[in-house]
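Novice: Sequence:
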Amino acid sequence: MKPFTQLVYAALQIITIATLATHGAQIPTATKEALSELEAEASDSYATSKSSIEPTVRIKCLSGSMLITIKDAPLNHETGLFSGMIYPKGLSKNSTCLSEYRDHDGPLRYKLPLRSCNTMPQETDDGGIEFFNTIVLQPHL
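Mapping of the sequence shown onto mature numbering (1 follows the signal peptide of the UniProt record, and there is no 0): residues -21 to -1, 1 to 120, in sequence order.
Mixed in with the good hints there might be a few duds.
[Said to hold, decoys possible] Capping the alpha-carbon separation at 25 Å, the derived lysine-lysine pairs in DSS-like fashion look like this:
| hint | residue 1 | residue 2 |
| --- | --- | --- |
| 1 | 39 | 68 |
| 2 | 39 | 50 |
| 3 | 90 | 72 |
These are computed hints drawn from the structure, not numbers from a lab.
Between the sequences and the hints, there should be enough to build the whole structure, so can you do that?
Specialist: Right, dumping it as structure tokens:
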């Protein structure tokens, strides 16, 4: 190589190295303490938000039905009221088992028949009967 070409080549290498050095940055590594603090904060935040939206369910047994009362159902973010549906699992299209709520204020009340809507009876050891069903609370948020 000619001396001028070597000089230009060396200058290009120096410029390249200088450019890489000025635009590169090392990302700092997080310490174990910082990570555990962040995890604890996230866990506390999740627990608080989860417990504040968990509904309370009460069931009252009647002669031919169950009266289900739900407090603290998830509210619509715009209205602050509950809008949605309650129905037995698998029967979201059956209008006789489905109850729809629009802008409802206060506890939700749902009457579930014992002899229909997928309610299953089971005899107990002492001769009584227990009734089982899975109810879906579907908010429209």
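Novice: Please go over all the hints and tell whether each is borne out by the structure.
Specialist: Against the structure, the hints come out as follows:
Our distance criterion of 25 Å between C-alpha atoms is met by residue 39 and residue 68, whose separation comes to about 20 Å. Distance restraint check for residue 39 and residue 50: the Cα-Cα separation of roughly 14 Å lies within the 25 Å cut-off, and the hinted pair is therefore satisfied. A distance of roughly 17 Å separates the Cα atoms of residue 90 and residue 72; the hinted pair therefore holds under the 25 Å criterion.
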